Structures are given as structure tokens and as C-alpha cells.
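Taken in order, these protein sequences are the chains called P and D.
Per my numbering, the first sequence starts with residue 204, numbered consecutively.
Per my numbering, the second sequence starts with residue 204, numbered consecutively.
Treat the hints loosely; a few may be bogus.
Pairs involving identical chains hold if they fit within one copy or between any two copies, as the list cannot separate such chains.
Claimed, not checked - As a list, the in silico SDA-like pairs of lysine to any residue whose alpha-carbon atoms are at most 20 Å apart:
no.: 1; residue 1: K411; residue 2: L282
no.: 2; residue 1: K411; residue 2: D382
no.: 3; residue 1: K411; residue 2: S303
no.: 4; residue 1: K411; residue 2: I230
no.: 5; residue 1: K411; residue 2: R239
no.: 6; residue 1: K411; residue 2: E393
no.: 7; residue 1: K411; residue 2: H334
no.: 8; residue 1: K364; residue 2: E374
no.: 9; residue 1: K364; residue 2: A285
no.: 10; residue 1: K411; residue 2: R388
no.: 11; residue 1: K326; residue 2: D283
Simulated from the structure, these hints should not be mistaken for lab results.
These numbers were taken from a predicted model, which means no experiment stands behind them.
There are 2 protein chains.
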Amino acid sequence: MSFQDVDEDRGMTLAETVYGRLRSDIISGERAPEERLRIERLSRLYGIGPTPLREALQRLCADGLVWSRGNRGFAVAPLDVAEFMDLNIARKAVETEAVSLSIRNGGDEWESGVVATFYRLEKQDRALVEHPEEALDSWEMANAAFHRATVAACGSRWLLKVRARLHDQCERYRRASVDLRRAERDLAAEHRAIRDAVLDRDEAAARKLIGQHFDTTARMLSEEMRQGQGA
Amino acid sequence: MSFQDVDEDRGMTLAETVYGRLRSDIISGERAPEERLRIERLSRLYGIGPTPLREALQRLCADGLVWSRGNRGFAVAPLDVAEFMDLNIARKAVETEAVSLSIRNGGDEWESGVVATFYRLEKQDRALVEHPEEALDSWEMANAAFHRATVAACGSRWLLKVRARLHDQCERYRRASVDLRRAERDLAAEHRAIRDAVLDRDEAAARKLIGQHFDTTARMLSEEMRQGQGA
DNA sequence: ATTTATTGTTTTGTCGATGATTTCAGGAAA
DNA sequence: TTTCCTGAAATCATCGACAAAACAATAAAT
């Protein structure tokens, strides 16, 4: 056959597809925090029955992106400064441990992955300064790819799964409030320092730099959220 | 009114209740690994329709306790030695970071929690040696409570949630294979050493001891699983 | 005026039924 | 024997409809 992986959605159930759509809609902020997710409305909107919708919503509940109370339906999980600081602690803890393990276990292909993704990110970092608007999405991708590459060799898929979950949560906060354009920080320099520490196999330095990297984002974000709440 | 919290299951949906039952059945091993979870069968068994059942199964999928393939139904997630080693790495990483944070942030009430749960666990450790059969369940509870107490002050509910998830997964493996009765290890001594390191605020020692504590369990468990597979 | 019933409306959670997909058994062809 | 097909049985995913619960608004009562 000439077409092998054309049917990407083979055995794809409606519940799964709507799960993916809702998920990205929530993370991207298209569905606002605390927005109620009424079954009938979404049912009409996505053109499917209530059953697969509820299944998708249940999975999103387990992911922590949706909240539910018995007999009172579903709603997009709220965004809250305190909750984000909490989340950031967890993310930092997991990421630093993962990078330590990665530095200990990583081989050649891991190193080359770090180099490759950094190379691409460096270009995006520059593009972000010059054309902030259109470069945003691809910067997000490159940024995520670089950080994922640094921890890729940690040796535990479970740890990576946990990390991905926390990353998604933080991504939602970032998309919601941080304005990367007027960030008075040298992202390229931060990333370069992280790359160097990682490739030098300097665990302590890598952990410290990544921790600062996350904390800087968290500080900017919480300031912006606080002033947003006041408005 | 004289009865205030009698209705513990107020607003409890069928999906949630069956989720809880299935969850504990899977963790306790009552539902065997790789057992297929056919809708109609479970539907009759629990006396409910297919819709709430599917919702519960979807959440269990997100938890990693159940696997599903589109149009091919659900099955209890398999138990696998390699998977468990992977899982143990993640758990160790999260637990050690959490205990570090806890040591840094913990106050008086945290210390007293550690002392209290250790006291109860010490009694259970002794009971386990003498009456292995009937003391098993309460030992599990006391053990979980002690370890939870050590990390309780980490300052992040998200980190605790992630930790709990990994703990449940490991619990399933433990229940499935480890025979605590003929464990040629001094659990009481290990726990005492952990308590002392924690109360001394010695991060490095606490991390090391907890890591060894987990690794010992993992080693015993993987040996038992390997010989179990060969039989 | 604030609280407490009451009634009607909206929305949720659940069921039974149905079309679609997969699995399995048994026979034909290699 | 093995492989391949074919049709039947089983199972899945989805729908539409219904009962129960929450919500809103009005009326009655302290």
C-alpha cells in the first residue's frame, strides 16, 4: 500500500478526539478559567452526544484541567496565584531531579538532542525579540522541546509523564498572563547557560540555573496576575 | 440536627462510587493485571448502566491503572518488572525532593506529625513480626501514614498529589508480589533511621536513607516478580 | 425586612437500545 | 499443515429519552 499512516485516527473514538480538542482549548485559554462546561451546549457545539463528552470531561478532571462537583456539572479549573506558586514548586522539584538523572545517565544521542534543540531555540529566542507576534507559537514549541531534551535521558517514562503533566498546567498559566514580548530578561542567555551546565555534566549548576529560570517566569507571572486581579 | 456528616455520599455520583470501588479492587489485586474489563459484565456486576462505568474507566485510564484501545475496550494495566523499576525511579525522585523541601519548611506541627506516625508504625512493625497475617493491613496504613507525614510540609499540594499517584501505583506492585512476612530486613530500624535523619534536619541523610529504603523494596519485589514469571 | 416554603425551570446523571467495529470459528485454497 | 477468507457472534461506542437533583423566582410567614 502506498498510504500507510494516513489513517492516523484509526480506532480513534469520539471521546478521545473531543478530549484532545477541549484540552488544547483549555490550555490555550480559548475556554476561560471557571467557565462552566454545560453538557448540552458543548454537545451541540461539537456535534456529538453527551456520553463521549462526559467521558472526555472525566479524563480532564483527572488531569486537573477541569473541576467537577456531583450533580453540579463541570467547569474549567480556575487560575489562582497561590495555586501557581504551589504548582511551580512541584514542577521545579520534578524538573531538577529529572535533569540530575539525565546528566548521570545521558549518552551521546542525548547530548546531541540537547545541542540540536538548543540550536533551534536560539534562533527562536532571537526571532521573539524582533517579530514578537508571529514567532510566539513556534517559540513555545522550541522552548518546550529544548527543556524536554535536557531531561529526556532521566531513565523513567513515569517521571517524564509526571513532568509533562506539570508542564501543561504551567503552560496554561503562561498562556493566560505572561506577555513574553516585553520581558526584560535575556532568555537566550539563560538557555545557553543551562545548555552549558548540562553538557558539562554539572548537576549542581544545572539545577540552580533551571530553578532560577522557572522562578523568574513564576515571579513575572504572579506579578502580572496580581495586577490583573486588581484591575 | 444530631447527625451532621452522616450523608458522606451526598452529591456522590454513581460514576464516582464505581470509580472508587474499581480503583481499590485493582490496587488490592482483586482484579488481576491484564484482566479485561468488559462493559456488560461489570454493568451487571455493579448493577449500573454502561455510561457511569465508562466514565469511571476513563478516569482510571488517566490514572494509569487501566489501559484502553479504541474500539477494543478496557483492561487492567499489566504488571511488569521493567515498568516497576521505571516507576520506582520516578517515585524516589519525587519523594526525595519532597522530603528535602519538608525538612527546610517544616515547623513544629510537622515534627510532631512525624513523631506521632512513627510511634504508631513502630508498634505495627513489631506486630508484623509476631502476627504477620492479621497485622498486614494496618501495617500498610501506618507505613503510608509515616512516609506521608515526612513529606507533608513540602509546601506544594501538587507535589503531594503527584507523590500520591506514584505511591498508589507502587502499592499495587507491592500488594501483588511482596511477601512482607518473610522479609529478611529490619523495617523498624530503617524507619527509625529515617525519622532521626528527618528530625535532625539532615537532608542528605534523609534522602539517602529513603532512597535505600525504596530500592530495597524494589529489589526484593523485582526478584520475586522474575521468579514468579518463570514459574 | 429578612427568612422560610413553594413551585417551575434548567441541567445533570443515568438508562436501554442501536449501529459500527472487532473477534472468533470454521471451511476453502495453497 | 498453514494461510486466507467469510460470516456469525460478541463487544464497543454512541445516541436519544427520562428521572432526579440543583437552581431561580415568587409567595408566605415570622
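- [ ] Up to 20 Å between alpha-carbons, please classify K411 paired with R388: within, between, both or neither.
- [x] within (17 Å within a copy, 37 Å between copies)
Open item on the list: Cα distance capped at 20 Å. Does K411 pair with D382 within a copy, between copies, both, or neither?
Closed with: So K411 and D382 fail the 20 Å test inside a copy (24 Å) and across (41 Å) alike.
- [ ] Can you give me the call for K326 and D283, within, between, both or neither, at a CA distance of at most 20 Å?
- [x] Neither, since 33 Å and 42 Å both go past 20 Å.
Open item on the list: Reference check for the pair K411 and H334, CA-CA at most 20 Å: within, between, both, or neither?
Closed with: neither (30 Å within a copy, 49 Å between copies)
Task: Copy assignment of K411 with I230, given that the CA separation must stay at most 20 Å - done: Classified as neither: same-chain Cα gap 28 Å, cross-chain 38 Å, threshold 20 Å.
Task: Homomeric proximity label, K411 with L282: Cα distance no greater than 20 Å - done: Result: close neither inside a copy nor across copies, 27 Å intra and 37 Å inter.
Task: Alpha-carbon proximity context of K411 and E393, limit 20 Å - done: within (11 Å within a copy, 31 Å between copies)
Open item on the list: Regarding K364 and A285, is the shortest C-alpha distance of 20 Å or less found within a copy, between copies, in both, or in neither?
Closed with: So K364 and A285 pass the 20 Å test across copies only (16 Å; inside, 24 Å).
Open item on the list: Checking an output row: K411 and R239, CA cutoff 20 Å. Within, between, both or neither?
Closed with: Answer is neither; intra-copy 40 Å and inter-copy 46 Å both fail.
TODO: Can you give me the call for K411 and S303, within, between, both or neither, at a CA distance of at most 20 Å?
DONE: Both ways: K411 and S303 sit 11 Å apart in one copy and 15 Å across, limit 20 Å.
Task: Identical-chain pair category, K364 with E374, by Cα at 20 Å - done: both (15 Å within a copy, 19 Å between copies)
Violated hints for the displayed structure, listed by number in ascending order: 1, 2, 4, 5, 7 and 11.
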